[in-house]
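K.L.:
Each chain, written out:
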Amino acid sequence: MNIVTMAEFAAKGESPEILFWVGCAGSFDDRYKRVTRAFASILNSLDVKFAVLGTEETCTGDPARRAGNEFLFQMQAMNNIQVLNGYGIKKIVTACPHCFNTLKNEYPELGGNYEVIHHSTFLQQLIDSGRLKFEGGAYKGKKITYHDSCFLGRANDVYEAPRALLIALDADLIEMKRSRKTGLCCGAGGGQMFKEPENGKKDINVERTEEALETGASTIAVGCPFCMTMMSDGVKNKEREQDVKVKDIAELIAEAKGLS
Amino acid sequence: MISQIAFVLVLAAAIYFIQKRFGRIRKNINLGKNRDFKDQVDKRLNNVLLVAFGQKKMFKRLIPAVLHLMIYVGFLVINLEVLEFMIDGFAGTHRIFAPFLGGFYTILMNVFEFLAIAVLVSCVFFLLRRNITKVPRFFNAEMKGWPRLDGNLILFTEIILMIAILTMNATDQLLQPISDHYPTTGELFFSSLLMPLFAGLNESTLIVIERFAWWFHIVGILGFTIYITYSKHLHIILAFPNTYFAKVEPKGHVNNMPVVTNEVKSMLGLVSAESSAPPTEPGRFGAKDINDLTWNNLLAAYTCTECGRCTSECPANITGKKLSPRKIMMDTRDRLEDVGNSLEKGGPGLNDGKSLLGDYITKEEINACTNCNACVEACPVLINPLEIITELRRYVAMEESGSPASWNSMYQNIETNFAPWKFSPSDRFNWAEEKK
Ligand code: SF4
Ligand code: SF4
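Top to bottom, those sequences are chains F and A. Residue numbers for the first sequence follow my numbering, beginning at 1 and rising by one. Residue numbers for the second sequence follow my numbering, beginning at 1 and rising by one.
Fair warning: there could be bad hints in the mix.
[Stated by the list, open to error] Here are the computed lysine-lysine pairs in the DSSO-like style, where the Cα-Cα straight-line distance is at most 30 Å:
no., chain 1, residue 1, chain 2, residue 2
1, F, Lys195, A, Lys247
2, A, Lys134, F, Lys177
3, F, Lys181, A, Lys60
4, F, Lys202, A, Lys422
5, A, Lys363, F, Lys202
6, F, Lys181, A, Lys363
7, F, Lys91, A, Lys265
8, A, Lys363, F, Lys195
9, F, Lys91, F, Lys49
10, F, Lys181, A, Lys56
11, A, Lys247, F, Lys181
12, A, Lys322, F, Lys177
13, F, Lys91, A, Lys43
14, A, Lys322, F, Lys238
[As the list claims (entries may be wrong)] In silico negatives: residues of chain F with every beta carbon more than 12 Å from chain A:
no., residue
15, Ser15
16, Gly137
17, Ala161
18, Gly216
19, Glu241
These aren't lab readings, by the way, just hints derived from the structure by calculation. Cβ atoms here follow ideal geometry from the backbone N, Cα and C, with glycine treated the same way.
The following block holds chain F by itself, in its conformation from the complex:
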């Protein structure tokens, strides 16, 4: 795959249209690496001039901040800001709502000011501007439900862009009982991804997966690496991996475009 790093752009004295912030899950998690590649292949197919930081990227610090370790968060943030500012980055697109939220809302106070967009919004903009087009409804009549990521939805009021993509794909979008502002968390935010849940009656991801399965959808669309893990585990827990898939919106688009 042809991916150009920011260092290479800088060496040529060029600057990209956007910086694609891959995030730790997008870089290391086997499942989410597929999303990273799907999104990158869409960008490549449309000749979007983008760069990644490659090995210069490090954790935004989000999990540390939410777990309470403000020192570690700010260390990470400062280091990242130095790199980003060093390259004069203006516009960042990321497929991780946690990175998105932190870069957009929390880096400015520490000296990092960028235009930050979630990949769903960026893809929607590509459709709106006519750059990204679909022929024939690949998902016509296919039932898809969309699970809101808390850090995208409630935290940043991005509810419509991911849905607009599913509608553009001609999918039959079915909402869960709790959606948009009242969408139920997958259970991974606030550092929960990195620990066992506290004692309770049930796991949050199972509760949410049951709700998703109730819609009768054969695909659960997500826009967040943590939601991806939690919902996939939920589907496994319910022994439905055979007939229900959990997919990121970028993957659905890449499939429709025959890119994967």
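Model the placement of chain A with the ligands on the given structure of chain F, informed by the hints.
P.N.:
Just chain A with the ligands now, with coordinates in the frame of chain F:
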């Protein structure tokens, strides 16, 4: 004359207790850390208008919203009548506005009566919802004992206050034709329906009932005002300031800690001479007790109506974890009251050997939070339990190094591998080479 003196005494006593209580509450809130709110005034005023005055967030659940609106409007409008009560009480007059306003007075009184009925009906509905249909959010663990009684007492008091108004107006109308002291009010529709109940009584009995209802209503209102200061019902006043001081940044934003910023900057050698100049106050990282929280968090604790909308949307609570965002607010308030009461008696206050974290809120609770903001979104008065949870977690992580073990390993991974998992940083870009 005697009744005028009695009125002045009752009013003076009530004012004394009310101001004393509010003074205490103000002192308690001021135990919190200072924070500036001069930013984004437009947004803040907008929140007060839409959320406090306009009750915007209540309308997420239609039926309670309409009933609540009735009580709210009733409360605002009927209190206009208290003005007349006051003047009559001081001057020894009766319905001083009636002769001046004439037909308009009749309209006004009929509007009041309509609202009184609306309040009464709404309160009865709410009592039934609470106790008969048992809306689940009123039955969580933290709602046992006083909080449940408090909710019922408020509704019950409002009902009897409304009955007092209607009784007063009914007997008043019976007295108007037979006593000069009672100016005509015109027909008051709802209370006239009650007139048959009192029809056979003689003048003096009617006067006794009318006076009793009058006194009952005004003393009731004053007593209720004092009661409110000990109750979750404080939201009728504090919702206004609380919406003003509520978070205006996107919900995902976590408040920055400038103290840490300074330290990190100097560790990284990023400080220039000027920026290191203003020394930020030291003190604890995060919050162990109420005085480590900012005062707006404490105001929020007094504003909480214990409605439980937050808890009913909390993924942790729904799946049986101990965490309940409502309890976070109630515990904060309980701690404030305990410290305040101790200070009032010259006791040790904050130094009583207890603290918010540990004695009121446990680590198990705060560790269960997913930072999903469902509670924040749900709250009709813009309370943010997540801010308190985050501050408590900060204390545990930075002062006690007491985060759960797996979080400590996550921290370590970030420190050494720059990712929350144990992967080598040099493998970060491998995704581009691997094919599927
Ligand atoms: S942010 Fe925390 S306390 Fe609030 S609803 Fe979500 S999990 Fe519950
Ligand atoms: S914090 Fe808000 S939503 Fe929760 S109980 Fe209090 S008033 Fe209700």
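K.L.:
Hints first: check each against the structure and report whether it holds.
P.N.:
For each hint, the structure was consulted:
1. F:Lys195 to A:Lys247: holds (29 Å)
2. A:Lys134 to F:Lys177: Satisfied, since the Cα-Cα distance of roughly 22 Å is no more than 30 Å.
3. F:Lys181 to A:Lys60: Holds: Lys181 of chain F and Lys60 of chain A sit about 10 Å apart, inside 30 Å.
4. F:Lys202 to A:Lys422: holds (28 Å)
5. A:Lys363 to F:Lys202: holds (19 Å)
6. F:Lys181 to A:Lys363: It holds: about 28 Å lies between the C-alpha atoms, which stays within 30 Å.
7. F:Lys91 to A:Lys265: holds (25 Å)
8. A:Lys363 to F:Lys195: holds (14 Å)
9. F:Lys91 to F:Lys49: holds (12 Å)
10. F:Lys181 to A:Lys56: holds (14 Å)
11. A:Lys247 to F:Lys181: holds (17 Å)
12. A:Lys322 to F:Lys177: holds (24 Å)
13. F:Lys91 to A:Lys43: holds (27 Å)
14. A:Lys322 to F:Lys238: Distance ~25 Å between Lys322 of chain A and Lys238 of chain F Cα, so the pair holds.
15. Ser15: holds (20 Å)
16. Gly137: holds (25 Å)
17. Ala161: Holds, since 15 Å exceeds 12 Å.
18. Gly216: holds (22 Å)
19. Glu241: Since the minimum Cβ distance to chain A is about 18 Å, Glu241 of chain F lies beyond 12 Å and the statement holds.
Of the numbered hints stated above, none is contradicted by the structure.
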